[in-house]
Amino acid sequence: MKLLVAVKRVPDPEAKIRVKPDGNSIVTEQLKFVINPFDEIAVEEALRIKEKLGGEVVVLSIGPSEAAEQVRTALAMGADRGVLVKTDGAYADPGIIARALAEVAKQEGFDVLLMGKQAVDTDYGQTCGMLAQILGVPCASFAYKVEVEGESKRLVVVREVDGGLETKLIGMPCIVTADLRLNEPRYASLPGIMKAKKKEIRQISLEELGVEVTPKLRVESLEEPPKRQGGRKVGSVEELVRALHDEAKVI
Amino acid sequence: MLDLYQTEGLLPESSRILRHSVREFLEKEVRPGILEAFHTETPPDMRALAPKMGALGMLGAFIPEEDGGPGGSYCDYGVVCQEAERLDSSLRSFIAVISALVMYPIWRFGSEAQKRRWLPALAKGEAIGCFGLTEPNAGSDPASMETKARKVQAGWVLKGRKQWISEASIADFAIVWAKTEEGIRGFLIERGTEGFETSTIKKKGSMRASDVGELILEDAFVPDEALLLKSSGLKTPLSCLTQARFGIAWGALGAAEDCFEAALNYAKDRKQFGAPIASYQLVQKKLVDMFIGITQGKLLVARLARLMQEGKASFQAVSLAKKVNVALARECAAISRELLGANGIALEYPPIRHMMNIESVYTYEGTDDMHTLILGEALTGIGAFAKEA
Numbered sequence: 060m061k062l063l064v065a066v067k068r069v070p071d072p073e074a075k076i077r078v079k080p081d082g083n084s085i086v087t088e089q090l091k092f093v094i095n096p097f098d099e100i101a102v103e104e105a106l107r108i109k110e111k112l113g114g115e116v117v118v119l120s121i122g123p124s125e126a127a128e129q130v131r132t133a134l135a136m137g138a139d140r141g142v143l144v145k146t147d148g149a150y151a152d153p154g155i156i157a158r159a160l161a162e163v164a165k166q167e168g169f170d171v172l173l174m175g176k177q178a179v180d181t182d183y184g185q186t187c188g189m190l191a192q193i194l195g196v197p198c199a200s201f202a203y204k205v206e207v208e209g210e211s212k213r214l215v216v217v218r219e220v221d222g223g224l225e226t227k228l229i230g231m232p233c234i235v236t237a238d239l240r241l242n243e244p245r246y247a248s249l250p251g252i253m254k255a256k257k258k259e260i261r262q263i264s265l266e267e268l269g270v271e272v273t274p275k276l277r278v279e280s281l282e283e284p285p286k287r288q289g290g291r292k293v294g295s296v297e298e299l300v301r302a303l304h305d306e307a308k309v310i
Numbered sequence: 010m011l012d013l014y015q016t017e018g019l020l021p022e023s024s025r026i027l028r029h030s031v032r033e034f035l036e037k038e039v040r041p042g043i044l045e046a047f048h049t050e051t052p053p054d055m056r057a058l059a060p061k062m063g064a065l066g067m068l069g070a071f072i073p074e075e076d077g078g079p080g081g082s083y084c085d086y087g088v089v090c091q092e093a094e095r096l097d098s099s100l101r102s103f104i105a106v107i108s109a110l111v112m113y114p115i116w117r118f119g120s121e122a123q124k125r126r127w128l129p130a131l132a133k134g135e136a137i138g139c140f141g142l143t144e145p146n147a148g149s150d151p152a153s154m155e156t157k158a159r160k161v162q163a164g165w166v167l168k169g170r171k172q173w174i175s176e177a178s179i180a181d182f183a184i185v186w187a188k189t190e191e192g193i194r195g196f197l198i199e200r201g202t203e204g205f206e207t208s209t210i211k212k213k214g215s216m217r218a219s220d221v222g223e224l225i226l227e228d229a230f231v232p233d234e235a236l237l238l239k240s241s242g243l244k245t246p247l248s249c250l251t252q253a254r255f256g257i258a259w260g261a262l263g264a265a266e267d268c269f270e271a272a273l274n275y276a277k278d279r280k281q282f283g284a285p286i287a288s289y290q291l292v293q294k295k296l297v298d299m300f301i302g303i304t305q306g307k308l309l310v311a312r313l314a315r316l317m318q319e320g321k322a323s324f325q326a327v328s329l330a331k332k333v334n335v336a337l338a339r340e341c342a343a344i345s346r347e348l349l350g351a352n353g354i355a356l357e358y359p360p361i362r363h364m365m366n367i368e369s370v371y372t373y374e375g376t377d378d379m380h381t382l383i384l385g386e387a388l389t390g391i392g393a394f395a396k397e398a
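First to last, the protein sequences are chains A and B. Just so you know, we're using the working numbering here: the first sequence kicks off at 60 and counts up by one. Just so you know, we're using the working numbering here: the second sequence kicks off at 10 and counts up by one.
Please keep in mind that the hints were generated in silico from the structure rather than gathered at the bench. Using N, Cα and C, we set each Cβ at its ideal position, and we do this for glycine too. Hints may be right or wrong, so weigh each one.
Unchecked claim - Sample of chain A residues facing chain B (criterion: CB under 7 Å; computed from the structure):
1) Ala135
2) Tyr183
3) Gly184
4) Asn242
5) Glu243
6) Leu249
7) Ile252
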């Protein structure tokens with residue numbers, strides 16, 4: 060099995076995000092970055108498939124050169140090698156990312172390409188669909204369980220849907236996006252980290268891939284959530300209902 | 010926390026990745042139970058926890074893979090200690106004991122058979138060892154130890170008592186230091202050896218999440234193979250202490266950081282006289298004092314880790330870092346406790362627990378005063394440890 064996993068470098072979900080005075084980007088100084096948690100789940104799933112059926116796990120990332128640290132982390136978890144497409148500070152919208160991933164996927168070839176269902180920084184969740192369209196392969200999103208069906212080159216993907224589970228059977232090559240409960244990712248261990256030092260990370264630029272780098276999407280502005288207002292005590296149920304109806308307008 | 014000197018950038022990428030793994034692991038596996046462990050003086054189940062720590066490479070991080078260790082660096086060992094002591098000194102104690110006081114002497118002074126048998130098992134967390142140097146009447150002056158090893162046919166007979174031994178009552182074996190006719194030497198004594206017993210010290214006011222006890226040797230016989238072959242004289246156990254003190258210098262920073270963060274968060278939230286207490290100058294001064302100390306401490310250990318890795322760190326350099334960072338942690342715990350007011354005495358907040366723990370750390374592995382004298386001797390060439398030469 061040839062397994063590709065796309066991982067994105069994102070700010071630590073625990074970190075406090077501040078908007079820059081320019082109003083359309085965030086302060087990255089002093090900010091800790093991690094692998095997008097959903098992508099980490101995708102890495103874990105790829106490793107489990109490989110451990111069961113053999114093959115190779117290749118990690119792909121698109122971002123600044125610092126994203127090599129996230130690729131290295133995935134290699135420390137057990138992936139075999141990495142490819143980093145460097146954006147060199149340029150803004151890459153989901154379309155650019157999808158086209159770059161498609162180019163690398165074509166170069167590499169794959170049976171299954173995994174990624175998180177969305178990145179926790181932008182929450183777009185668009186890349187997988189675009190990528191499937193460009194590559195002309197099926198895509199199973201929000202995977203809750205993934206199994207390879209015998210020798211048939213087909214994948215059984217169980218998805219969580221409203222009120223139950225949906226089981227899909229899709230042919231390979233295909234794309235799968237990982238949901239939260241697919242698995243619990245392993246930690247990068249020290250022996251794994253030492254092994255990862257010797258693994259290859261191929262670095263390549265968007266231009267070298269021949270991907271058009273003009274984004275079609277522009278971030279107009281970012282706003283911090285409104286400051287939480289203090290609560291207040293009400294004297295009676297009537298007053299509460301009135302406040303909810305007239306002021307908060309939630310009932 | 011704010012890292013104005015970008016100290017994290019002084020560490021290799023591998024240590025930064027390891028820090029992330031270790032922090033996530035400890036937050037999930039250890040944080041939830043640590044308060045109760047401390048409160049009830051019931052240490053976490055290390056038989057269950059150690060294998061998980063071992064799988065991550067948290068035990069004996071600097072021991073090479075070919076000798077059965079995880080194959081990391083001194084910086085990795087430091088980062089593990091720092092993250093562990095952010096949670097509780099007892100956890101860092103466990104890691105430093107296994108890494109520096111049990112694995113290190115076996116690695117450096119043990120026979121091939123001892124290395125093969127114990128190092129991989131210790132690194133995996135499947136075996137637990139302890140280190141017996143301190144005695145009821147021999148603390149800062151280990152040369153005055155009373156434990157003796159007498160050579161007999163095919164082995165040695167040990168007699169004596171070791172006190173304040175971390176992991177004494179759970180260890181599979183102890184590295185015991187005893188006087189022989191050729192000076193102080195180390196012996197590996199397995200649990201179950203006749204005449205070898207351990208006990209637990211209870212009602213401690215510090216390190217309450219830690220197993221601390223005694224080793225009692227009543228004419229315990231060990232075969233020749235139990236001797237740490239290459240051990241010779243007091244400098245052997247002292248070299249182990251240098252390894253442990255290095256881990257403490259990193260660990261104490263973790264405790265200091267946890268106290269600082271608790272104080273900073275509290276000061277921003279807590280309102281008095283109509284404003285967050287963080288807006289008052291006296292409070293800001295206290296926060297800044299802690300922050301400066303922690304920044305300096307980080308620079309110190311980042312440099313020290315490099316020297317250790319290159320084999321260039323003197324024991325005096327390690328003493329300096331141990332002394333400075335533990336004093337810093339003690340100061341930060343006290344300031345943080347104070348800033349939290351009455352809440353500062355509640356175990357629900359970390360400062361008072363760190364404060365109690367650090368009292369142990371302040372005087373173990375060389376008291377603060379002993380490190381002053383080590384540095385004093387380095388400066389003047391005159392030892393001021395004993396009344397008479």
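To see whether the hints hold, each was checked on the structure:
1. Ala135: Holds. Min distance 6 Å.
2. Tyr183: 25 Å, violated
3. Gly184: At 24 Å from the nearest chain B Cβ, glycine 184/A fails the 7 Å test, so the hint is violated.
4. Asn242: Violated, about 15 Å.
5. Glu243: Hint violated; glutamate 243/A Cβ to chain B Cβ min 10 Å, cut 7 Å.
6. Leu249: It holds, given that the least Cβ distance between leucine 249/A and chain B is near 2 Å, below 7 Å.
7. Ile252: 5 Å, holds
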